[in-house]
Amino acid sequence: MSGRKAPSLWGRFRRREEFEPDLGWVLDESRSKWMAEHTSGMTKPDPALVIKNLRRSFGGLTAVDVDHLEIQRGVITALIGPNGAGKTTFFNLLTGFDRPDSGSVLFDGHDIERMRSHVRARKGLVRTFQLTKALTKLSVLENMKLGAKGQVGEGFVRSLLPPLWRAQEKAIEKRAMELLERFSLAHMASEYAGTLSGGQRKLLEMARALMSRPAVVMLDEPVAGVNPALTQSLLEHVKELPIEGMTVIFVEHDMDVVWDISDWVVVMAEGKVIAEGLAEDIGKNQAVIDAYLGSGHGIENSEEEAV
Amino acid sequence: MTLAAIDWGFILIQTVETSLGLEAAVYALAAVGLNIHFGYAGLLNFGQVGFVAMGAYGMGLSVTLWNLNPFLAVLVGMGFATVFALILGVPTLRLRGDYLAIVTIAAAEIIRILARSTTLGDITRGAEGLHGFIGPFRELNPFDPSTEYGIGPFQVGGNQFFAIVLGWGVTAICLVLIWQLMRSPWGRVVKAIREDEDAARALGKNAYWYKLQALILGGVIGGLAGMVQAIGKATIQPDSFVPAYTFFFWTVLILGGVGRIWSPVVGAMIFWAMLTFFQGTLIALVNDGLIPTAFMDPTQVNQIRFMLVGVGLALLMVFRPQGIFGSREEMMLDVR
Numbered sequence: 001m002s003g004r005k006a007p008s009l010w011g012r013f014r015r016r017e018e019f020e021p022d023l024g025w026v027l028d029e030s031r032s033k034w035m036a037e038h039t040s041g042m043t044k045p046d047p048a049l050v051i052k053n054l055r056r057s058f059g060g061l062t063a064v065d066v067d068h069l070e071i072q073r074g075v076i077t078a079l080i081g082p083n084g085a086g087k088t089t090f091f092n093l094l095t096g097f098d099r100p101d102s103g104s105v106l107f108d109g110h111d112i113e114r115m116r117s118h119v120r121a122r123k124g125l126v127r128t129f130q131l132t133k134a135l136t137k138l139s140v141l142e143n144m145k146l147g148a149k150g151q152v153g154e155g156f157v158r159s160l161l162p163p164l165w166r167a168q169e170k171a172i173e174k175r176a177m178e179l180l181e182r183f184s185l186a187h188m189a190s191e192y193a194g195t196l197s198g199g200q201r202k203l204l205e206m207a208r209a210l211m212s213r214p215a216v217v218m219l220d221e222p223v224a225g226v227n228p229a230l231t232q233s234l235l236e237h238v239k240e241l242p243i244e245g246m247t248v249i250f251v252e253h254d255m256d257v258v259w260d261i262s263d264w265v266v267v268m269a270e271g272k273v274i275a276e277g278l279a280e281d282i283g284k285n286q287a288v289i290d291a292y293l294g295s296g297h298g299i300e301n302s303e304e305e306a307v
Numbered sequence: 001m002t003l004a005a006i007d008w009g010f011i012l013i014q015t016v017e018t019s020l021g022l023e024a025a026v027y028a029l030a031a032v033g034l035n036i037h038f039g040y041a042g043l044l045n046f047g048q049v050g051f052v053a054m055g056a057y058g059m060g061l062s063v064t065l066w067n068l069n070p071f072l073a074v075l076v077g078m079g080f081a082t083v084f085a086l087i088l089g090v091p092t093l094r095l096r097g098d099y100l101a102i103v104t105i106a107a108a109e110i111i112r113i114l115a116r117s118t119t120l121g122d123i124t125r126g127a128e129g130l131h132g133f134i135g136p137f138r139e140l141n142p143f144d145p146s147t148e149y150g151i152g153p154f155q156v157g158g159n160q161f162f163a164i165v166l167g168w169g170v171t172a173i174c175l176v177l178i179w180q181l182m183r184s185p186w187g188r189v190v191k192a193i194r195e196d197e198d199a200a201r202a203l204g205k206n207a208y209w210y211k212l213q214a215l216i217l218g219g220v221i222g223g224l225a226g227m228v229q230a231i232g233k234a235t236i237q238p239d240s241f242v243p244a245y246t247f248f249f250w251t252v253l254i255l256g257g258v259g260r261i262w263s264p265v266v267g268a269m270i271f272w273a274m275l276t277f278f279q280g281t282l283i284a285l286v287n288d289g290l291i292p293t294a295f296m297d298p299t300q301v302n303q304i305r306f307m308l309v310g311v312g313l314a315l316l317m318v319f320r321p322q323g324i325f326g327s328r329e330e331m332m333l334d335v336r
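The listed protein sequences derive, respectively, from chains P and U. Per the working numbering, the first sequence starts with residue 1, numbered consecutively. Per the working numbering, the second sequence starts with residue 1, numbered consecutively.
Don't read these hints as lab results, they were simulated from the structure. There may be inaccurate statements among the hints.
[Claimed, not checked] Just some of the chain P residues that point at chain U, by a computed CB distance under 7 Å:
# : residue
1 : R114
2 : M115
3 : L131
4 : E142
5 : S159
6 : S190
7 : K239
8 : Y292
[What the hints assert, rightly or not] Dumping the calculated DMTMM-like pairs for lysine to aspartate or glutamate here, alpha-carbon to alpha-carbon at most 20 Å:
#  : chain 1 : residue 1 : chain 2 : residue 2
9  : P       : K137      : U       : D7
10 : P       : K149      : U       : E329
11 : P       : K137      : U       : E128
12 : P       : K137      : U       : E23
13 : P       : K123      : U       : E197
14 : P       : K123      : U       : D198
15 : P       : K137      : U       : D198
16 : P       : K137      : U       : D239
17 : P       : K149      : U       : E330
The beta-carbon is built from N, C-alpha and C at its ideal position, and this holds for glycine as well.
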């Protein structure tokens, strides 16, 4: 962890004046007692997602092995961990792009384990990808329109009868342009998405995900490879999502980003959730320090310093 | 002996005639189907000729076996193509794209070999080919079979003219259908799946179902191509469905430019124009002694014209890889 001083809990909440995620429960006496005894798996008020005994192994390697994890609604949760910790596999399991060997995922209290990926997306669980998937030969606007759900004209027969879907198409286009405006991509609307820069593609992918008005947005490394100026604007957008009632889960390696936007941090290592807590506290957790820097690092460091 | 001695006028008339003829219409229609598969949905179908065969046999057998009226027979032909699409698509479309490619090329051969087998000889008439289904279709022919139709030097008999009009008419209807589909949200989803299936699924689109729909649609259009051919030739020959034809359809599509409405039509016209022009020219050159018979004799012309089409296609790939209608800008996006 860097020497950067983490901001205080209440200072963070004041910065977001319109919206304050309800994390006051952390200060409950019983909870803090529980937290002292456990590193992860705590229950939270109003969870959007509950993950139970989720396991996935590839041959002999156990990629994901999560006993219990709850994702609180309206909160920005960061999922961090060293390379190979199973974060992306975990994402794939939550979104149905991969099947677990066992375990279940509850979304709004319903088991979504048997749902296929596109059904989960329709239910409001929308993701982006680590390697951006801009649909290069579609225009930026078409990319956006694709994100809208419940489109009448997506049926084969109905698509042949434009009067049925023309009004809806107009409304979708209006919303798409609004979002593009917000993400500073409006001037590119009629260009092929393939002409966008890497950073712009990340913006487009996020804006496209928002077209469906999802309940949970899962961002896989949203700022990887994005230049600093664009990163800042992207992060501002992420911070606004809970204000609109969305729950955000994101995977990120850049710890400054994690501190900047997340309310809650979940740390994975070797497939397991090893710790979770407020962004401010997580850096002090011994298990996290061990996972990131190797268990013996404190001793080695002090020895080196002594020499 | 000079080049001037060659009857260029005759070669030119023949060239134009074939590029507007029955074969060109059949190839255009089959390539329209392939364009839906590959150009819009990104499906690698190397067995389009199987769909053509299914359409032809479905229609032919409906008349010879079940005495259905022509309109029902066409519906049955479309049904055959649909069933073939389901057999191919249901198990493979959940898998990566190459699985469909492998299965289609094999399945198309299975159809042909089954059709010419002695086991099914009582039904399909084996290698001899299916006849005797044309009567009901001839009755629908509004043109007089004993009169020649056409413009100027281009004249064909009434029955042939009917088949040609039918072929291009069906092609036109299919093009309008595709034009509407591809500017609708349905087309947007299909194109998105071509670009990245996972992205489409992450946005709530049932990629599998859309791919299956596209496979069926393109397959049924391929089936219509088979029916037009059967009506035009009054016979269905199993060996007119060899795998080579699938690759001619691909040639047509690539010549025109993948994923464009007009490309199969223009591609088919150019393909047949090239074949006829090369044939006419080569035969004239051999006959005039400008090409020594030691190098090439008239019987070899038929093969060599395909080689020349291949050279033409290779040159196209070098100088205009996007095809005639394709957009270079769009193609270059893949390279970025």
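Hints versus structure:
A cut of 7 Å between beta carbons decides the hint on P:R114: the least distance to chain U is about 15 Å, and the hint is violated. Annotation: P:M115 was flagged as interfacial toward chain U, and the flag is violated, the nearest CB pair being 11 Å apart, outside 7 Å. A least Cβ separation of about 10 Å between P:L131 and chain U goes past the 7 Å threshold, and the interface hint is therefore violated. The interface hint given for P:E142 holds, since its Cβ lies 6 Å from the closest Cβ of chain U, which is under the 7 Å cut-off.
Interface restraint check for P:S159: the shortest CB-CB distance to chain U comes to about 4 Å, inside 7 Å, so the restraint holds. For P:S190, the suggested interface contact is broken, since its CB lies about 13 Å from the closest CB of chain U, more than 7 Å. Evaluation of the P:K239 hint against chain U yields a violated restraint, the C-beta minimum of about 22 Å exceeding 7 Å. The interface hint given for P:Y292 is broken, as the beta carbon of that residue sits about 30 Å from the closest beta carbon of chain U, more than 7 Å.
With a C-alpha separation of about 47 Å, the suggested pair P:K137 and U:D7 falls outside the 20 Å cut-off, and the hint is violated. A hinted pair counts as satisfied when its Cα atoms are at most 20 Å apart, and P:K149 with U:E329 does not qualify at roughly 30 Å. Using a Cα cut-off of 20 Å, the hinted pair P:K137 and U:E128 is violated, with the two alpha carbons roughly 47 Å apart. Taken as a hint, the P:K137 and U:E23 pair is broken in the structure, with Cα atoms around 33 Å apart against an allowance of 20 Å.
The suggested pairing of P:K123 with U:E197 holds, with an alpha-carbon distance near 19 Å, which does not exceed 20 Å. Between P:K123 and U:D198 the alpha-carbon distance is near 17 Å, which keeps this suggested pair within the 20 Å criterion. Between P:K137 and U:D198, the direct Cα distance comes to roughly 15 Å. Compliance with the 20 Å bound is thereby established for this hinted pair. A C-alpha spacing of about 39 Å is found between P:K137 and U:D239, which places the hinted pair above 20 Å, so the restraint is violated.
With a CA separation close to 27 Å, the supplied pair P:K149 and U:E330 exceeds the 20 Å bound.
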